[in-house]
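Undergrad: Take the sequence shown: its letter number 158 is residue 158 in this note's numbering, and every next letter is one higher.
Treat the hints as calculated values from the structure; they're not laboratory data. Heads up, a few of these hints could be off.
Said to hold, decoys possible - Cut-off 20 Å, straight-line C-alpha distance, at most; resulting in silico cross-link-like pairs (SDA-like, lysine to any residue):
#: 1; residue 1: Lys304; residue 2: Ala291
#: 2; residue 1: Lys175; residue 2: Trp128
#: 3; residue 1: Lys462; residue 2: Ile425
#: 4; residue 1: Lys110; residue 2: His162
#: 5; residue 1: Lys275; residue 2: Leu54
#: 6; residue 1: Lys175; residue 2: Ala253
#: 7; residue 1: Lys110; residue 2: Ala209
#: 8; residue 1: Lys110; residue 2: Thr152
#: 9; residue 1: Lys250; residue 2: Tyr188
#: 10; residue 1: Lys250; residue 2: Arg296
#: 11; residue 1: Lys110; residue 2: Leu54
#: 12; residue 1: Lys161; residue 2: Trp128
#: 13; residue 1: Lys275; residue 2: Pro389
#: 14; residue 1: Lys161; residue 2: Tyr188
#: 15; residue 1: Lys304; residue 2: Glu356
#: 16; residue 1: Lys175; residue 2: Pro252
#: 17; residue 1: Lys462; residue 2: Pro532
#: 18; residue 1: Lys110; residue 2: Lys275
#: 19; residue 1: Lys462; residue 2: Lys250
#: 20; residue 1: Lys161; residue 2: Val113
#: 21; residue 1: Lys462; residue 2: Gly28
#: 22; residue 1: Lys175; residue 2: Arg204
#: 23; residue 1: Lys588; residue 2: Arg559
#: 24; residue 1: Lys110; residue 2: Gln139
#: 25; residue 1: Lys588; residue 2: Arg458
#: 26; residue 1: Lys275; residue 2: Gly414
#: 27; residue 1: Lys161; residue 2: Arg254
#: 28; residue 1: Lys304; residue 2: Thr363
#: 29; residue 1: Lys161; residue 2: Gln87
#: 30; residue 1: Lys175; residue 2: Lys110
#: 31; residue 1: Lys462; residue 2: Arg296
#: 32; residue 1: Lys175; residue 2: Leu54
#: 33; residue 1: Lys462; residue 2: Leu509
#: 34; residue 1: Lys588; residue 2: Lys462
#: 35; residue 1: Lys250; residue 2: Val165
#: 36; residue 1: Lys462; residue 2: Val528
#: 37; residue 1: Lys462; residue 2: Ser506
As the list claims (entries may be wrong) - Okay, the calculated beta carbon distance ranges per label pair:
#: 38; residue 1: Thr132; residue 2: Arg457; range: 35 to 43 Å
#: 39; residue 1: Arg457; residue 2: Gln124; range: 53 to 61 Å
#: 40; residue 1: Ala473; residue 2: Arg82; range: 30 to 38 Å
Note that beta-carbon positions come from the ideal geometry of N, C-alpha and C, so glycine has one too.
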Amino acid sequence: MWRLLWPVLFCGLWLPQLAWPQGWPGPGELRSKKLIDAGIYTLWSHPTSVHSRLLAARPEFTRLHPFDGIALRALLAADWCRGQGLQEDPADPPTNQDPFLDSVAWSTRKIPVTAIEAAIADLQRVQWGTLTDNFLWYQFRDSGGTAPVDITQPEEWAVVKHNAVMAARICRQGKLKGLLFDTEQYGYRPLRQGDSELRQRLGREWMEAVQAEFPEIGVMITFGWCPALDQAEFLVGVKDFLNGMLAGLKGPARLINAYENTFYYGQSPRTRFTKEGFPGDRKRYEETRAAIRDWRSFSTLPDKYDAVVQVGMAAWLESDPWNLTPGWPSAHRHTIWSNVSMALAASDEYAWCWSEHTDYLRTVGKELRNPFLASLTNQTFNTGQEATPELREEFSSDPLGRGWYFDFDMLDVGRRPAGTQTPLIFTRRSVPYDWSPEESAVRVIGGWRGGQEGQTRRVLRKQRRRYVHPIQAIGDQLGWRAEFEFQIESLGGGADPPIVLGLFQSGQLVDRQTCALWIDGQGRPTLVVGGPQGVSRIPVAAVCQQGRRYLLQFDYTSRERLLAVRLEEPAVDRLLWSDPARQITGLKGWGMDEAGAAQWDAGETRSPRQPYRYLLQAVRVMRSQGR
């Protein structure tokens, strides 16, 4: 795919960036959203297609892939390809002659049912793991120029419509959500033919034929209704065809207007498409979301557009340095990413993610997990199994592989060596929490640095910052027990915000809906229990010291509404403090759905010069039956 001209063609859409960053997306904005991997995995300039047979043969890839879904290609039967004079080997096709359904979908080559049976069988045996929402690539391709279609000829149009039905059948029988329809016409422009009335009629016929095969189909569109449809030559005729699709669609099918130009938002300066960088803050996405809704005016049926068209987004993410294509250099100007987390937050449900120099196939199983991508998709809750009833975590391996997640600013996770002008790369050092394999713990630092060299002490206003695991909500209605093991490396400065660890509510600040221990810069702990009616802060008659390992225990009995708390030094079998039966008022409706470490977010904070440091070494949450 060629993506070189669009920032220039559509530069009128870029808006000024805010003077200061707004809030980063929180878990509540990411729940039930899906990030779809639609990238090509390349060996330099040669694409490696992710197709139906490959996915069936690579369960280690599908089980570990850090997305909510993938856009794949359907491999056609080898004997049919041979009979058509097409390359049958998906590993080494000549340009645009590859043996996939999307390569011949808009050609005069009629795909028989027998040519898709193996692809369906392969998809039915794929071990999808967390890839719950998968799509089939579909685009304007004519078999490498060997069989172009004339849509004004009924017999040739009938072939295109039949091939679309074959695509829908693969989706339905292969348990895919639908089609990812790339509406750009790369050189070959079949929708240039005919007039507006004809294109609308054919779009309606196409949609009706596809939905007759798969009534619930979703069609994600790279360039749907938008100003570009009337400006770009490669989109000529597309608006007419889409208006026909909209007219022909019936519920429960849906269209997703996943505006491709959003994958530039937030790309950093001195990269492939920009010297200065592109705006990518919350305001930018909120305005674009509103614009996509307003683009109903480009359709012939605006009320129906409101009812059946979802707002989608696009993102670009090259996973540098973890998953780059072998041989591709790190910190290259083409190794770029956009504000992926905000793209998800701004969508109704789907954001598709493009890449050109990232290869998850060749890096799977090598513990090369991009922590930012893993954290993001761990928050989408696409399987419904993410929030666990109980939690037992010792941090012996990377917790991001088991559902943990952390908060971060996607616009400020890149760094470069001081004094250089090299492109930015992802780095764990841009966030103040990270799993340490040597310590078998998560190291938490009480400060937040920003800037392209990590030189800025950031000021944050009520910004959520946590490293947590989701749990099924616990609180006042059932008995439960929670334990936290931690070791303080440094207490930091005396007036800095406290260490905070315990149980939290994902949509609340740390001093609301919580059961946690706060430790100030002198090592003095405070028990904090917050419910809907108020917050209790109970001083703990003990002092925590640097270099010591501690065990914090909460034990709640719902019948008597009693909370017991213990703080111990297990290495020397020493009880520092206990409160065996405290009845706390104001807990009706008390509920917490996260466990782990948090940073102070109940007001404005500035990164301290000497931040605290501690190791979170174990977290356990258990439910108590009959209590």
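Undergrad: Is it true that the CA of Lys304 sits at most 20 Å from the CA of Ala291?
TA: 17 Å, holds
Undergrad: Quick one, are Lys462 and Ile425 close enough, alpha carbons at most 20 Å?
TA: Distance ~27 Å between Lys462 and Ile425 Cα, so the pair is violated.
Undergrad: Is Lys250 close enough to Val165, meaning Cα to Cα at most 20 Å?
TA: 16 Å, holds
Undergrad: Within 20 Å, alpha carbon to alpha carbon, are Lys304 and Glu356?
TA: 36 Å, violated
Undergrad: Is it true that the CA of Lys462 sits at most 20 Å from the CA of Gly28?
TA: 16 Å, holds
Undergrad: Checking one constraint from the list: CA of Lys175 to CA of Trp128, max 20 Å. Satisfied?
TA: Roughly 11 Å separates the two Cα atoms, so the pair holds.
Undergrad: For the pair supplied as a hint, Lys161 and Arg254, is the alpha-carbon distance within the 20 Å limit?
TA: Status holds; Cα separation ~19 Å.
Undergrad: Is the hinted range of 35 to 43 Å satisfied by the C-beta distance from Thr132 to Arg457?
TA: 41 Å, holds
Undergrad: Does the structure keep Lys161 and Trp128 at a Cα separation of 20 Å or less?
TA: With a Cα-Cα distance of about 29 Å, the restraint between Lys161 and Trp128 is violated, given a limit of 20 Å.
Undergrad: Is it true that the CA of Lys110 sits at most 20 Å from the CA of His162?
TA: 7 Å, holds
Undergrad: Measure nothing beyond the straight line between the CA atoms of Lys462 and Lys250; if it is 20 Å or shorter, mark the hint as holding.
TA: 44 Å, violated
Undergrad: Verify the proposed pairing of Lys462 with Ser506, using a straight-line Cα cut of 20 Å.
TA: Distance ~14 Å between Lys462 and Ser506 Cα, so the pair holds.
Going down the numbered hints, you'll see the structure goes against 3, 5, 9, 11, 12, 13, 15, 18, 19, 22, 25, 28, 29, 30, 31, 34 and 40, while the others check out.
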